[in-house]
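**Student:** In case you want the letters, here they are:
Number of protein chains: 2
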Amino acid sequence: MIKFTEKAPYAPVEYSYDVEEILYKGKSKFQDIMVIRNPHFGRMLILDDVVQLTERDEFFYHEMLTHVVMHAHPDPRKVIVIGGGDGGVVREVLKHKTVEKVYLVEIDEDVINVSKRFFPNVASDVDNLRVEIKIMDGAEFVKKRKLSDVDAVIIDSTDIIGFARSLFTVDFFTSVKNCLTDEGMFVTHSESLHFHKDMAIEVQEILKKVFPLVDLYTAPIATYPGNWWTFSVASKKLSPREIKRKPKIQTKYYSDEIHQQSFMPKGLYEKLILRKLQW
Amino acid sequence: MIKFTEKAPYAPVEYSYDVEEILYKGKSKFQDIMVIRNPHFGRMLILDDVVQLTERDEFFYHEMLTHVVMHAHPDPRKVIVIGGGDGGVVREVLKHKTVEKVYLVEIDEDVINVSKRFFPNVASDVDNLRVEIKIMDGAEFVKKRKLSDVDAVIIDSTDIIGFARSLFTVDFFTSVKNCLTDEGMFVTHSESLHFHKDMAIEVQEILKKVFPLVDLYTAPIATYPGNWWTFSVASKKLSPREIKRKPKIQTKYYSDEIHQQSFMPKGLYEKLILRKLQW
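Top to bottom, those sequences are chains A and B.
Going letter by letter, the first sequence gives residues 1 to 279 in our numbering.
Going letter by letter, the second sequence gives residues 1001 to 1279 in our numbering.
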């Protein structure tokens, strides 16, 4: 069997996958893009030799990145998605009938096109009339925006280490805060609690310089090295732990129970922030 | 760099590790035993080409396998550990001062010896006076035992698929139940919720034929494929979710908070058991 071996940054375990077929192999202005088919996971989207999503289990990541802030906000109408060119987050956001507008700010148009072609169930809502696609740098987009009318900003970027690095600065988070309403919420993935906990701490620390409320939750993602994936969430006044509405939406993993349970227990969180976790 | 690539049963992701040094390579009556050194994880114990533990993160598994039942029992004095020749579970059990006797029932003496030699911090309490080592099949040991005087039975075997299969039957669980006091607790690992959920369900179903109370909790183990590791717990009358005592013990991951949070939310558990999880 042909193998694909991932080149994930700072991952002490190397993940390999059987390749039944290479469906696409291209080079965009920003990165190598590949789509392969694996017997277990189905189609897999790979950017710069790092697995971004698989048909089989993408919902874990997309649901957990999206629905926590969308349920902690009392009435989310306007949402900015930065990155997320595959469309998975947009699909989840639009499950909320309150939403009137989603800005999908993706720097690499090719990712959107590849996803529409090979992952129709992920990119299913990219062309929805409520979605406005902006092909540009997300940092530029939020910096230039003058209104504070956005209810949620969601970062769905590639690994923090790569060219997404500019999205993890005080400057950028300040721009994000300026876009948000008083009840607005921000969320980003922040790598694995097993392998990159210093990075998760760093994101929490930078966020705390900007937002009064900062928290961390986790979800198990089988195809991201370290698996125990962190999500850093921040807001101006509402607690992300509290569910504000119970819209009837279909999910495979996310639920009210998972929302509550996914947040890091306070004792463990304190140890993390004080850099006292012993691993 | 030299690589070790794991041959885990039924794992759709193949894990590889850098090898700085091969410290031991042998063949016991039952399996191939290898010890390597990896730059991130330190020393790693590998049986039949499957990673069993690493110096760096073994505590996640050993703490979570041990302390849930040890805290749910009001006064654990006598404990049987089946498998666990590396000594990690014995070390955790003996943190509880109530414990007077641990039977370590390991079929493969070589595992104990290799662990004592290469993992002194894991095997640290194998020669403790409260420990009685039995080199034999765990199923035989519990079957032959006539007294119902044991407070906890803990299975720390290799993967369920291999020669540990005989430990996952109604017959065996009935023998275990017969060994336990009325307040006794049983726990076993039961593979990954990502990759082997049918196996976790099967273990739950078999346990329910024998025990009135059966439950499931999880922990994130970076070096077991699928990572989102399940533990199946059963008892005659006490709920494993309830912490009965708060002994002062040192742990790196386990805590009262983690105990509570590690149990599967009821909604998700029901879906699992009804085979309605969509992954």
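Errors might be hidden in some of the hints.
[Stated by the list, open to error] No more than 20 Å apart at the CA atoms, straight line, and that leaves these computed lysine to aspartate or glutamate pairs for EDC-like: (1) A:Lys276 / B:Asp1198; (2) B:Lys1266 / A:Glu257; (3) B:Lys1252 / A:Asp256; (4) A:Lys7 / B:Glu1183; (5) A:Lys7 / B:Glu1257; (6) A:Lys252 / B:Glu1242; (7) A:Lys3 / B:Asp1049; (8) A:Lys146 / A:Asp125; (9) A:Lys7 / B:Glu1055; (10) B:Lys1276 / A:Glu55; (11) A:Lys276 / B:Glu1257; (12) B:Lys1244 / B:Asp1171; (13) A:Lys3 / B:Glu1006; (14) A:Lys252 / B:Glu1006; (15) A:Lys271 / B:Asp1075; (16) A:Lys276 / B:Asp1018; (17) B:Lys1003 / A:Asp127; (18) B:Lys1003 / A:Glu270; (19) A:Lys266 / B:Glu1006; (20) B:Lys1007 / A:Glu270; (21) A:Lys197 / B:Glu1055; (22) B:Lys1266 / A:Glu14; (23) A:Lys3 / B:Glu1055; (24) B:Lys1276 / A:Glu270; (25) A:Lys271 / B:Glu1014; (26) A:Lys3 / B:Glu1202; (27) B:Lys1276 / A:Glu6; (28) B:Lys1266 / A:Asp18; (29) B:Lys1003 / A:Asp18; (30) B:Lys1252 / A:Glu140; (31) A:Lys266 / B:Glu1270; (32) A:Lys266 / B:Asp1018.
[As the list claims (entries may be wrong)] Here are the in silico distance ranges between beta carbons for each label pair: (33) B:Trp1279 / A:Asp137: 48 to 56 Å; (34) B:Glu1202 / A:Lys146: 31 to 39 Å; (35) A:Pro247 / B:Glu1202: 43 to 51 Å.
[Claimed, not checked] Here chain A is said to cover these stretches of chain B; the calculated rule only asks that three of the stretch's residues, wherever they fall, bring their Cβ under 8 Å from a Cβ of chain A: (36) 1008-1018; (37) 1085-1099; (38) 1121-1135.
Quick caveat, the hints were computed from the structure, so don't treat them as lab data.
In this text, a Cβ means the ideal position worked out from N, Cα and C, and glycines have one as well.
**Student:** Against this structure, judge whether each hint is valid.
**Tutor:** Evaluated hints:
At most 20 Å may separate the alpha-carbon atoms for a hinted pair to count; Lys276 of chain A and Asp1198 of chain B exceed this at roughly 37 Å. With a C-alpha separation of about 8 Å, the suggested pair Lys1266 of chain B and Glu257 of chain A falls inside the 20 Å cut-off, and the hint holds. This hinted pair does not check out: Lys1252 of chain B and Asp256 of chain A have alpha carbons roughly 29 Å apart, beyond 20 Å. With a CA separation close to 50 Å, the supplied pair Lys7 of chain A and Glu1183 of chain B exceeds the 20 Å bound.
For the suggested pair Lys7 of chain A and Glu1257 of chain B, the alpha carbons sit about 35 Å apart, so the restraint of at most 20 Å is broken. This hinted pair does not check out: Lys252 of chain A and Glu1242 of chain B have alpha carbons roughly 28 Å apart, beyond 20 Å. Annotation: proposed proximity of Lys3 of chain A to Asp1049 of chain B holds, straight-line Cα distance about 19 Å (limit 20 Å). At most 20 Å may separate the alpha-carbon atoms for a hinted pair to count; Lys146 of chain A and Asp125 of chain A exceed this at roughly 27 Å.
For the given pair, Lys7 of chain A sits about 24 Å from Glu1055 of chain B by alpha-carbon distance, which is inconsistent with the 20 Å threshold. Between Lys1276 of chain B and Glu55 of chain A the CA atoms are separated by roughly 18 Å; this keeps the pair inside 20 Å, and the hint holds. The suggested pairing of Lys276 of chain A with Glu1257 of chain B holds, with an alpha-carbon distance near 17 Å, which does not exceed 20 Å. Between Lys1244 of chain B and Asp1171 of chain B the CA atoms are separated by roughly 29 Å; this puts the pair beyond 20 Å, and the hint is violated.
Between Lys3 of chain A and Glu1006 of chain B the alpha-carbon distance is near 14 Å, which keeps this suggested pair within the 20 Å criterion. A C-alpha spacing of about 30 Å is found between Lys252 of chain A and Glu1006 of chain B, which places the hinted pair above 20 Å, so the restraint is violated. Taking the CA atoms of Lys271 of chain A and Asp1075 of chain B, the gap is near 29 Å; set against the 20 Å cutoff, the hint is violated. Pair hint Lys276 of chain A plus Asp1018 of chain B does not hold up; C-alpha atoms about 27 Å apart against a cutoff of 20 Å.
Distance hint between Lys1003 of chain B and Asp127 of chain A is unfulfilled; the C-alpha atoms sit about 45 Å from each other, more than 20 Å. Taking the CA atoms of Lys1003 of chain B and Glu270 of chain A, the gap is near 36 Å; set against the 20 Å cutoff, the hint is violated. Restraint check: the Cα-Cα separation between Lys266 of chain A and Glu1006 of chain B comes to about 35 Å, which exceeds 20 Å; the hinted pair is violated. A distance of roughly 37 Å separates the Cα atoms of Lys1007 of chain B and Glu270 of chain A; the hinted pair therefore is violated under the 20 Å criterion.
A distance of roughly 18 Å separates the Cα atoms of Lys197 of chain A and Glu1055 of chain B; the hinted pair therefore holds under the 20 Å criterion. At most 20 Å may separate the alpha-carbon atoms for a hinted pair to count; Lys1266 of chain B and Glu14 of chain A exceed this at roughly 34 Å. At roughly 29 Å between alpha-carbon atoms, Lys3 of chain A and Glu1055 of chain B are farther apart than 20 Å, so this suggested pair is violated. About 36 Å separates the Cα atoms of Lys1276 of chain B and Glu270 of chain A, which puts this hinted pair outside 20 Å; it is violated.
In summary, the hint linking Lys271 of chain A to Glu1014 of chain B is not supported, as the alpha carbons are separated by about 32 Å, beyond the 20 Å threshold. Simply put, Lys3 of chain A and Glu1202 of chain B have alpha-carbon atoms about 31 Å apart, too far for the 20 Å limit, and the pair is violated. For the hint pairing Lys1276 of chain B with Glu6 of chain A, the CA-to-CA distance comes to about 31 Å; that exceeds 20 Å, so the pair is violated. Taking the CA atoms of Lys1266 of chain B and Asp18 of chain A, the gap is about 35 Å. The hint is violated against a cut of 20 Å.
About 18 Å separates the Cα atoms of Lys1003 of chain B and Asp18 of chain A, which keeps this hinted pair within 20 Å; it holds. Taken as a hint, the Lys1252 of chain B and Glu140 of chain A pair is broken in the structure, with Cα atoms around 42 Å apart against an allowance of 20 Å. Pair hint Lys266 of chain A plus Glu1270 of chain B does not hold up; C-alpha atoms about 27 Å apart against a cutoff of 20 Å. Of the supplied pair hints, the one linking Lys266 of chain A and Asp1018 of chain B is violated, its CA atoms being roughly 35 Å apart against a limit of 20 Å.
Checked against the hint of 48 to 56 Å, the C-beta distance between Trp1279 of chain B and Asp137 of chain A comes to roughly 34 Å, which is inconsistent with it. Evaluation of the 31 to 39 Å hint for Glu1202 of chain B and Lys146 of chain A yields a failure: the beta carbon distance comes to about 58 Å. For Pro247 of chain A paired with Glu1202 of chain B, a C-beta distance near 35 Å fails the hint of 43 to 51 Å. Under the rule that three or more residues need a Cβ within less than 8 Å of chain A, the assignment of the stretch 1008-1018 of chain B holds, with 7 such residues.
With 0 residues having a Cβ less than 8 Å from any Cβ of chain A, the stretch 1085-1099 of chain B misses the three-residue criterion, and the hint is violated. With 0 residues bearing a CB less than 8 Å from a CB of chain A, the stretch 1121-1135 of chain B misses the requirement of three and the coverage assertion fails.
The structure shown violates the earlier hints numbered 1, 3, 4, 5, 6, 8, 9, 12, 14, 15, 16, 17, 18, 19, 20, 22, 23, 24, 25, 26, 27, 28, 30, 31, 32, 33, 34, 35, 37 and 38.
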